[in-house]
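**Student:** Residue numbering for the sequence shown follows the working numbering, beginning at 571 and increasing consecutively.
Quick caveat, the hints were computed from the structure, so don't treat them as lab data.
The reader is advised that the hints may include incorrect statements.
To be verified - Taking lysine to aspartate or glutamate and the DMTMM-like style, the derived pairs with C-alpha atoms no more than 20 Å apart in a straight line are:
no., residue 1, residue 2
1, Lys600, Asp610
2, Lys598, Asp610
3, Lys609, Glu592
4, Lys609, Glu666
5, Lys604, Glu592
6, Lys604, Glu666
7, Lys665, Glu592
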Amino acid sequence: MNVFLWIVQVLLAAIFVMSGLEKFTQPKNKLAGKYAWAKDVSLATLRFIGVTELLGAIGLIVPAAIGIAPVLTPIAGTGLAILMLLAVAMHIRRKEPSGVPVTASLLVLAAFVSWGRFGPYGW
């Protein structure tokens, strides 16, 4: 089970690094072409989401890998799960059903990592 948790953590971290870097570095008009919701939020909000995703990705891997403050790994997973819960709610509120399945899948995976690392395979 521990190996499976590591696989999920690495995959989630890779997804959130790519997404976070995109939201942190790309201009708003380019993001608005890819994400319909991006045109309705400020550039600062887009950057904040990007930084949050990047920090969450780092938190999924680094503390558990180096053994310093490994409690931060499930906390990072919980934070990403909350972020994805808010994203699902936003997609539902905006009547964008196409955005819900991927976001909900990321929510479930982040919650799974949190559960596993807070629970029997945690710090």
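**Student:** Would you mind marking each hint as holding or not holding in the structure?
**Tutor:** Hint-by-hint comparison with the structure:
no., hint, in the structure
1, Lys600 / Asp610, "holds, 13 Å"
2, Lys598 / Asp610, "holds, 10 Å"
3, Lys609 / Glu592, "holds, 15 Å"
4, Lys609 / Glu666, "holds, 14 Å"
5, Lys604 / Glu592, "holds, 11 Å"
6, Lys604 / Glu666, "holds, 13 Å"
7, Lys665 / Glu592, "violated, 24 Å"
Against the hints set out earlier in the document, a violation occurs for number 7 only.
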